[in-house]
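Q: Generate the whole structure from the sequences, applying the supplied hints.
Each residue of the sequence shown is one higher than the one before, counting from 586 in the working numbering.
Think of the hints as simulated: they come from the structure by calculation, not from any bench.
Glycine is no exception: its CB is placed at the ideal position from the N, C-alpha and C atoms.
Cβ-Cβ distance ranges computed for the label pairs, FRET-style: (1) A784 x P606: 21 to 31 Å; (2) V666 x K770: 20 to 30 Å; (3) T610 x M586: 29 to 39 Å; (4) A598 x E661: 30 to 40 Å; (5) S604 x K781: 19 to 29 Å; (6) I609 x F768: 23 to 33 Å.
As a list, the in silico DSBU-like pairs of lysine-lysine whose alpha-carbon atoms are at most 35 Å apart: (7) K626 x K654; (8) K770 x K628; (9) K718 x K698; (10) K722 x K750; (11) K653 x K668; (12) K759 x K698; (13) K750 x K716; (14) K715 x K668.
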Amino acid sequence: MVIMKILYIFFVAGLLIFSLPLQITIAILIFLTSGRPVFYKQKRVGQNNIPFVLYKFRTMVRNADQMKKTLTKQNEAYGPVFKIRSDPRFTPIGSFLSHTGLDELPQILNILKGNMAIIGPRPLPIEEVKKLKSWQKDRHAVKPGIISQWIVNGYHTQSFDDWMKSDVEYAKTKNVRADLLLFLKAGAFFVSLIYKEMASFLF
586 MVIMKILYIF FVAGLLIFSL PLQITIAILI FLTSGRPVFY KQKRVGQNNI PFVLYKFRTM
646 VRNADQMKKT LTKQNEAYGP VFKIRSDPRF TPIGSFLSHT GLDELPQILN ILKGNMAIIG
706 PRPLPIEEVK KLKSWQKDRH AVKPGIISQW IVNGYHTQSF DDWMKSDVEY AKTKNVRADL
766 LLFLKAGAFF VSLIYKEMAS FLF
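A: Pasting the structure below:
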C-alpha cells in the first residue's frame, strides 16, 4: 500500500511537470486577454465533508460571483448546481478552457496537497453542498477528483439525481482497476472535447 502511494505521488508529480508548459501558456493567454488574476480559488467540500480551497484557471470576468445572482433564470443545470454553457461571464478564452476541462489543470496541486485525487466525484461549492439530501452526501466518503464518471459519461445529459447516484456508487465501490479504466476513458474523452471545441472555433 505504501509503495502504491509513493508511485501515485510520483505519477502526479510527473503530470505536473509534463503539463507545466501548457499551464504556463494558458496563464500567459489569460493575462493577455483579461488581466489578473490568472487563477480562481474557491472553497469546495472534500472528503469527510472537510472544506478545502480548489484551484483552477480563471475563465470568467472578475466579478462573476456577484453577477451570478442576475443569471439564475438562465441556469441550465439540474438540482442546486449552476451551469450555463454559453455563460455571458466567460472571458475571451474562458469558454474554450471550461468546455475542454483545461481550466482544471491547476488542481494537480490540490492532489499533491492531499485535498483531491485524479479520479473521484467532482467537488461542489459549500453553498451547493448545503442543499444536498443526506444520502447524496455519501459521495464525500472519498476524495474528490479531477476526473469523474459523471464527466466521462456525458455530464450535460444526466439529471442531478443520476449524477449523485453515480458519485455515491463510485464512493462505495472505488477500486484501482476501475480508476485505471476511467482514466483511460477520460483520455479519449478529453481528446474529443478538444477536437469539438477547436472545430467550433475554426468553423
